[in-house]
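Enquirer: Sequence:
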Amino acid sequence: MGSERVVPTLLEGQAAPDFIPIKENGINYRVCLGESYSTGIFLDQRPQRAWLRSVCNEDTRVLNCFAHAGAFSVAAATAGASTVSLDLERRWLDRIGPQLEDNGISDWEGRHDMIYGDCFDWLARLRRRGEHYDVSVFDYACGHTRPAVHERRAEEEEVERPHRHRRARLARRPAGQGRGVAGDDDERKHAEAGAVRGHGQEGPGRRGPGRQEQAGEGLSDADGLP
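The numbers in UniProt numbering rise by one with no breaks, and the one at position 122 of the sequence shown is 122.
Keep in mind that a hint or two might mislead.
[As the list claims (entries may be wrong)] Here are the simulated distance ranges between beta carbons:
(1) 124 with 11: 42 to 48 Å
(2) 12 with 47: 33 to 39 Å
(3) 44 with 12: 29 to 35 Å
In case anyone wonders, no lab produced these hints; they're calculated from the structure.
Quick reminder that beta carbons are idealized off the backbone N, C-alpha and C, glycines included.
Turn these sequences into a full structure, and let the hints guide you.
Expert: Right under this line is the structure:
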């Protein structure tokens with residue numbers, strides 16, 4: 001199948017609306033059905049979004065990598081933080097602004113930036129610029145961020161190999177001495193992320209089959225990473 005985008009097909013009945021409003025911990029989000037197999041929000045990240053909101057205030061700067069529809073950015077923004085959201089798909093970034101407005105943040109331009117492009121490239125650019133963030137989110141678990149996610153196992157291994165060291169280096173990117181949230185959905189990567197998880201103070205994450213998260217201090221200066 002390669003990296004071709006797979007789109008659901010309506011077999012019968014009425015098509016879903018462009019979005020369905022939901023509320024999580026008092027925050028308004030938009031769930032998208034029918035456009036793709038992703039809804040725009042991942043329920044197992046609910047504790048991480050709550051944690052992020054709890055550590056943010058008007059002075060907090062948040063970097064949200066692989067932002068998808070920006071659920072982490074919206075959570076941070078409702079606590080007053082400024083955000084930068086990076087993603088490879090404009091169609092998802094375009095959904096962040098309306099969700100901010102759904103939460104009463106109408107003057108979001110200037111405090112909430114959406115950047116379209118490769119997250120790894122932009123991390124390097126931000127580092128060269130000397131940008132620093134109080135909290136950095138790396139939710140690499142969003143399937144749309146992984147090339148050819150539905151390919152056969154052998155092909156997937158070839159696709160994943162060059163990204164493994166990149167994922168480890170995320171921990172040393174522009175967050176300075178800030179906090180971080182890291183996520184991945186492949187149980188094969190638990191071991192490689194151990195150096196990141198083991199460094200710093202853990203917050204409310206969960207570790208289970210096929211998924212790993214951490215919220216805590218010191219993700220930016222993890223020892224022993226390439």
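Enquirer: Could you say whether the range 33 to 39 Å given as a hint is met by the Cβ separation of residue 12 and residue 47?
Expert: Since residue 12 and residue 47 have Cβ atoms about 37 Å apart, the given range 33 to 39 Å holds.
Enquirer: Is the distance from the Cβ of residue 44 to the Cβ of residue 12 consistent with 29 to 35 Å?
Expert: holds, 30 Å
Enquirer: Taking the CB of residue 124 and the CB of residue 11, does the distance hold inside 42 to 48 Å?
Expert: Distance hint for residue 124, residue 11 holds at roughly 44 Å.
Of the numbered hints stated above, none is contradicted by the structure.
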